[in-house]
Every structure is written in C-alpha cells, then in structure tokens.
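One line per chain: the protein sequences are A and B, in this order.
For the first sequence, this note's numbering gives the first residue as 47, with consecutive numbering after it.
For the second sequence, this note's numbering gives the first residue as 198, with consecutive numbering after it.
It is worth saying that the hints were derived from the structure and are not from the lab.
Check the hints yourself; a few may be wrong.
To be verified - Computed spacing ranges between beta-carbons, pair by pair:
| no. | chain 1 | residue 1 | chain 2 | residue 2 | range |
| --- | --- | --- | --- | --- | --- |
| 1 | B | Met198 | A | Ile397 | 54 to 62 Å |
| 2 | B | Glu272 | A | Tyr88 | 25 to 33 Å |
| 3 | A | Thr747 | B | Ser372 | 32 to 40 Å |
| 4 | A | Thr747 | B | Gln339 | 22 to 30 Å |
Don't be surprised by glycine CBs; every beta carbon is placed ideally from N, CA and C.
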Amino acid sequence: MIKNYFKIALRNLLKNKGYALINIGGLALGMALVLLISLWVYDELTFDKSHDNYDGIAQVMSRKTRNGKNVIRYSLPYPLGSELRANYGENFKHVVMSSFHGDNVISMDDKKLSRHGGFMESGALSLFSLDMIYGDWDALNDPNSIVLSQSTANSFFGADNPLGKTMKINNKLNVSVTGVYKDIAHNATLNQLDFIVPWELYAMSYPWVKAARDTNQWDNNSYQLFVQIAEGKNMISVSNNIKKVIFNNIPEYGKRDKPELVLHPMKNWHLRSDWKDGVNVGGFIQYVWLFGVVGLFVLLLACINFMNLSTAQSEKRAKEVGIRKTVGSSRYQLINQFLSESFLVVLAAFILAIGLVFLVMPLFNQLSDKQIVFPFNSVTFWIISVVFIIITSLLAGSYPALYLSSFRPVKVLKGTFKTGQSTTSFRKALVVVQFTVSVILVIGTIAVEKQIDYSKNRPIGYDMNSLIMVQKTTQDYDGKYNMLRNELINSGAVLEMAESSSPLTDVWSTTGGFEWEGKSPDFITNIATISISHDYGKTVGWDVVDGRDFSRTFATDSTAFVFNETAIKYMGLENPVGKIIRWNNQEHQVIGVVKDIIAVSPFEPVLPTVYTIKYANTNWIELKLNPEKSAGVSLAGVKAVLSKHAPHVPFKYEFVDDTFAEKFEAIERIGKLSTIFAFFAIFISCLGLFGLASFMAELRTKEIGVRKVVGASVFNLWQLLSKDFVKLAVLAIIVATPLAYYGVTKWLNNYTYQTEVSWWIFVIAGIGALGITLLTVSFQAIKVAATNPIKSLRTE
Amino acid sequence: MILQLKNIFKWVNSGGNRVFLLNDIDFTVNEGEFISIMGPSGSGKTTLLNVIGMLDDFNEGEYTFLDEPVHTLKEKHRARLYKEYIGFVFQAYHLIDELTVYENIETPLLYKKHSSSERKAMVADMLDRFNIVGKKDLFPSQLSGGQQQLVGIARALVSSPKLILADEPTGNLNSTQGEEIMQLFKKLNDEGVTIIQVTHSETNATYGSRTIHLKDGLIVNN
C-alpha cells in the first residue's frame, strides 16, 4: 500500500516538474535556513557550556551608586579574593583573582609571539575545568610557571612535550611550562585565552600590583574575580551573603558609592551581558530568540507554499480521489496517501536542505563569526531531524490531505467539479501572511542598515586616516619618547607620533574626585581620564573648539587640563578656559576644549573626558603614517625603528580605522543575517505567489476565454488578473507597517544614538513588495491572456 | 433479490421551488438480472445509478441492499458495502492517469485485505481474461478508448462484485468497440454477475433482460 502511495507520488512529481521544483525547492530553502538558524541558536545557547562547572561559575561584579544611578563594574580591589576566602569560604568552592586578560609577549630563545592571556590564581584550571594535555590542575601552584593552550604550545614546541621548558613573558619574567590545556571551545568567553601565569607573579612583576597587595588597597579596582559557588549553594543567596564585603572594608570616602557585590553567573556572560541601572537586563539573547522566531516563520512560509500548491493541484487530483473512493478507498486511507506524499516531498527537501547547508556552512560561519561544524555524527541531531521531518510533513501536508480527501466522488467524476471560493480565500490569506512576514523583514533590514549608516556617519572627532596604534606591552620604550619620535619622523615613515594611556578606540580608566568652584557637593564626578603626550592632538588631528592644545612652550601645561565638550556640559562650566579644577589635591588649569572623540561606542554618548600630560602613564603609541608613502613602506620603517629599541618585542600594530570598524561588527552581523533572512523570505513568498497565480489563472481559464472572444486585449486581461494580487500585497503592507514600526522602534531603543524610523523605509518596502508581486504575477497573467481562447472553451 | 428501492425521492431547491431529480422510485433488482436504464438527458438516470451505487444521497424513501437498510446506515458502513459488492464502470473510464494498467486494476484490492501474492494472482487472472497481458505496463494515455474501457471493466470486476453499475459504458466509444464491450457485459451476465447500465442506445438496451424508462425522475414504464 505504502509502496503504491509513494509510486503515485513520485509519478505525480515527475509529471508536474515545475510544481515539484517550486515545492521541493522552496521547502528545501526554508528547511536549510531553519537548519542553519537552529545550529546557530544551539551554538549560542551552549555558549560557555564546555566548562563542566558552567552552572556554578560566576564573575563577581560591583554595583555602585553614582549621582542616583547604579553602574556595574567588572573591576574589583586586590584584597577581595583573600577576604572572600577567609571569611566567606563556606560559600565557594573556588575563588580565583585574575588580571584583565590582554596581549602579552611570550618568548623562547629568539622566538617571540604576542599572545592573549593573564595572571590567575591557581584554582583557575580546576574552576574552568580546562582539559589538560600535559600537567594537571595544580600546574599553577609554582609561582614561576606558565600554562599554555595547545595551539600556543604547538607554535613554540610543535608536537613535543613542552613541560619544564623555560620561557619569558613580556621579555622580563622567566617562567617554566608546567601544563598545556586543550584550546577552549570556540563558543566560550575564554576562547582567546592562550596562556595563564600564576597570580603571585603579577605582584612580583608590577610595582603597582605589589603596592595594591602590600597596602591592602580596597579602593583600587583593577582586577577581576571569578568564583565557583559551593555545592548546595545558589547564586542568589551567595550573592546576598557577600553583598557588603567591599562596603565594609573600603575607606570612608568610598562608601559614598555604596558599593555592592553582585554575582554574574556564567550562563549570563555571553547572552545576557547588558546592564541597565545596575541590573542585568538581557543582551544578545534577544537576537537569538528573534532569529529563532524568524527561522520558524520562514519554514512556515515554505509550508504555506506547500499547502497552497497542493490544494491548487486539487483539480488535477480530484479525479483520482473520486476513482479511489468509488473503488473502495476510505477517507482515512486517502489522508494517509496524501500525508505520505507530503512526507516524500519533505524528505526530498530535507536531503536537499542538508546538501545546501553543507555547502553554505563556511560562508555562514564567516558571516556569523562562528565555527559551527555540521553535526553529521550526532545521534541527537538525526533524531531531531526525523522529528522535524515528521512535524513539517504534518504541518505542510495536513491541510491538503484533509481537503483533497474530502471530495465527493459523484461531484468530481461528473466533471463539473470546481474548487470553491472558500479555499481560494484561504489561499489568499496564506499569501497575505507570507507577504506580511517578508515586508516586516525588509523593513527591519533597511532599519538596521540605516542605523549602521547613521552611527558610521557620526563625527568621530579626529582623523583616523593612516593612523596606527602600537601597544607597549613591555617597558622597552619607557623613557625613550623623544628619541623614538625623532627617529620615526626622520625616517620619513610617520608624520607625527604620540602616546596615550588609553587606545584611541577605548577608555581604560575613569576617575572621580574632581572639584571646582560652583560644584554642588552632592555631585559625584566620574570622568574618563586619558594621559597623553604633548603631540597627541597633532597626531590624531583633534579639533580644538576653545582655548588651545597642549604645548611644550608652557611648562605649566604639565598640570593643565584639556576637556572634551561633553565634560564641559557634564560639569556645567561656563567659559571653561582658564578655570581651575582641583583633583588629587592639586590645582589644574583648563587650557582648552576639544570636540568629542568617539572612543568607546559609536551608539552611545561620548564619556566626559579629561586629557592630561603624563608620559609615565602611557600604554599606547599612536603614529600618523606618512600619506605620501605606501602603507607597506611606512610600516616597514616604523618596524625598523621600534624593533631597534625593543628587539624581543614582536611588531604588532593596528590601524585605528580597522579597530574602530570592529565596533560595528555585531550590528553588521545582525544586518547581514537579517538581509539573508529577508531575501529567503521574499524568495519563498514569490514561489508561493507564483503558484497561486498559476492556480488562479487556471481557475479562470474559461472566463478569460470568454472575455477574449468578446474583445478583451492582453493588457486588459493582465490588469484583471493582476488586480487581485495587488490588493493582497497592499493588504500585507498595511498589516506589516505597524508591526514593523513597533519592532524597529523597540530595537532602536537599544542604542542611545538612534536613527529615525523614516517614512520612506515603509514606502520603499511597500513599493518593493508591489513590484515583486506584479513581476511574479505578470508572467502567469500574460501567459494565460495570450492563450488561444478556443483551447479553453472547447471542453465546455 | 439483490436490492430494492421503495418510494425514493431526491430533490434540490432551486429559487424556492423543489425540483425533483428522483420522484417516487420503486424498483427491485434480482440476482442475475441485466437491467438497462434509459431516458432523455436530465431524466435522472445517472442520479439513480449513483443512488444505487451509494455514491449519492437521497432525501426520502427506503433502500435495501442485500437485506441491509442502506438509508439507516452510516457512511462508513455504506462504504464497506459498496466496496465489497459493487463495481463501477464509467463513460469516461476514469482510470488513474499516473498508474499503469496493472496498477489500475490492482487499486481496488489495495483497499481490501489481500496479500501481495493474492493481488498478483487476481490481477493476472483479469489481464488474462481480457487478453491485455501485453498491455499491463502501459499507462492509460497509451491505450485506445476501447482498451481503456476494458481496463475499467477489469478493475470493476477484479474484486468479484455481485453488482456492476455502468454509466453509459460505450458512450465514448465507436460502434465496433461499443459492441465488443456490450458482448463482454452479456458474457459476464451469463456468468452470473448482476448488471445495471445507463444507456442512450436502444441497441445496447436490448442486451439487457429488462429496461426501465425514466422521465423527469419518474419511472414511466417498467
């Protein structure tokens, strides 16, 4: 019986190749998209889950109250770790202090590489359950040790066992390799962790860390803290238990911020990393769900096509149904037959979809910045796939099966059978749904692109052309500023050089304690503080709007302040130039105001910022390359000079515009993904529309024949047949507009600097939808209208 | 007695008027009969045949088929009855275009509990009997009208029904083909199959043992 069903299904498909192509192809596209999205969603939802203690790990954060607003900080004071261990130990299995991870130079003999890593307490290996290839979880117990990731170990030692080998960090500290761990999964926060060195080494290598340790600095927040809560404890209670620890220990002035500790569980690190007023409010998870829903919608669109086309075929199949019923088939058996047919189609589509996914996987990974591998050998995947195929078969096949099997043999065999108006309107409704979804996606995509465009066009406040940054990871350049600058400029490779404490594309420190005449005593200041060299302004090309830039001709400039415009507004200063600001028990004169420089986020307001001259504090070198030479030549020149002064440091630079562009990566990824989705949705909807148009044209063959005989032109008929579909498209646009408006407005609220939701977005999407509708429908309409009417009238 | 119709009425409402398709039909068919139903277009011949074949409902009256009161039976039960005992032959053959001759004849058996080897034997028997073994892998479109109707009859007979209902079985055929088909019906009737045919042709009606004339849903003579 089943064999018979499949046989007839197959013959039907082969007989109606165009129909089969639209049906299987459309469904395959929909399924491929759902597969991709599912794999992506799975990858996102399992972020960080490669750590065995996923459920128990948290990062400790501090919530502070500043001017009535709560802010969340990752940075914590040095003594917090030992305090938690000593007095709150029963709450934790592990308490691991850590430096902020960054690029460091690791070297062995002449080989030097820049690698990402940090200083961590020895519990880290066990806390993060790193998969040790050499050594064990005690590998960090010796203060002069280093633990490497497999790929880092490979780049130094190949396949050899590196245990016991001596290496150097930042060209200064000798450490010996005591462990190698498997690279951390791609979808993990710590994915980039290339090496770990013991916490004790941190204080030994940096005087400011040593000072923080030795003088028990509770008010210097420069470190991170990871914990694993003890068995049987829960995050909320532990979080409450340790809430007051900083407050109880910090010097009196710090209590004004009302610091509170908060646990940020690992499961929220990636997907719920946004904080608003000190409360964790979600984050990327909204896109995960959004894209998940979109994926389901696209599948639904494909299923709707299947239903539509199957029922459109009903007249062809009606006779078969009638015959089968008269020779004894029950309705139930017919339902089974049509369901097995849909199963066959879905199965074919699924196989095609897997092929498609396999093909586009590399491209998709690139677009989404993932390393998803198709799970061919996962049993769970195949089980889910089977369930997925069955559900899709039922979803797509149930309506046609119920509808087709309901035909009365007397009617259909008499030859007078015509599909009723009711199924036509059902079909029309389905097409409206398809177009509504497509139009919403198109509007969403345009809005994302517009937002990207808007924030990219925001004035950045400096000139990033030919501007590169080099991080000073070692102390080789300290005290050599003038020498370096002269050599670089004389080499002709650069026009100007400067140094700064924060990179141009970030703010590394903000401080408080600024006082000035007329300041309200309740106002707790918090201003981004950037130490720079005299030539910073000239190098980056900032825009002085009031007063003047720093200058070597004024010795007093060593204590002078240059503010950005936001800082002036923030402090409420009028005629700021010449005013005296007290900070750290010192008086500073405001000498100038510069235009805001977008350092952190192109979507958020610029931080109030103060620039001061402090050569000793700088971490970054900024270089303006000579635009008259090619970048390659200039870079070689820069490398020659820098390597001369620090032969052990690998030359690593970044173009400021590239680094700045990275700030758009997340939103651009969203833009790309939504473009793909919108494209698929439109394409699948068009297939559906095409199917419906052919069906409607067929339904009206006689009417068209009669009209032609009485003198209608092809153009008249085209109008007649297209009119209905234009109505459907307009209806879809009307339904989609408010929904899209709501969604887009809500999404834009994620950004402080947001583009307007202009009316033209809707007009473009609307005209696009109409145009595509006409194009799709016209093909059928003209074909039918051009048919010789004798053909269509003969049968009557 | 194979079936009996008693005071059967069937009507449709058209513009407030009741139009009778079948008007007080009284009619008994005995086993082994070969009945021809004649009448002008629209007289209700096909409707009567469909009512007898349980493909169509009626509004009033009693219909007994093999001692089962059809008018009180549920759809499912009725379907079982006609599946078991009735074979249909149509003017337009109504073969399934996507199935071969062999598969078309096999179709009714699929809806009954026959094993695959049983089906093979029964279909082979039919092919043999109608001399169409050589055509078993052809599709309907590759056959002449007469051959298609032959397949249609073979399909109707394959499950050994007690009653064959034929709606103008020769209507689409030329006279030679038509005569062949009528000879076949005659032969089947001689073998004991009860046949009711609807026909326009006086010649074809003469093959039957009895003719019923219908006009406007009424039996005008019996």
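How the hints compare with the structure:
1. Met198(B) x Ile397(A): 54 to 62 Å: 58 Å, holds
2. Glu272(B) x Tyr88(A): 25 to 33 Å: 48 Å, violated
3. Thr747(A) x Ser372(B): 32 to 40 Å: Between Thr747(A) and Ser372(B), where Cβ atoms are some 33 Å apart, the hint holds.
4. Thr747(A) x Gln339(B): 22 to 30 Å: 27 Å, holds
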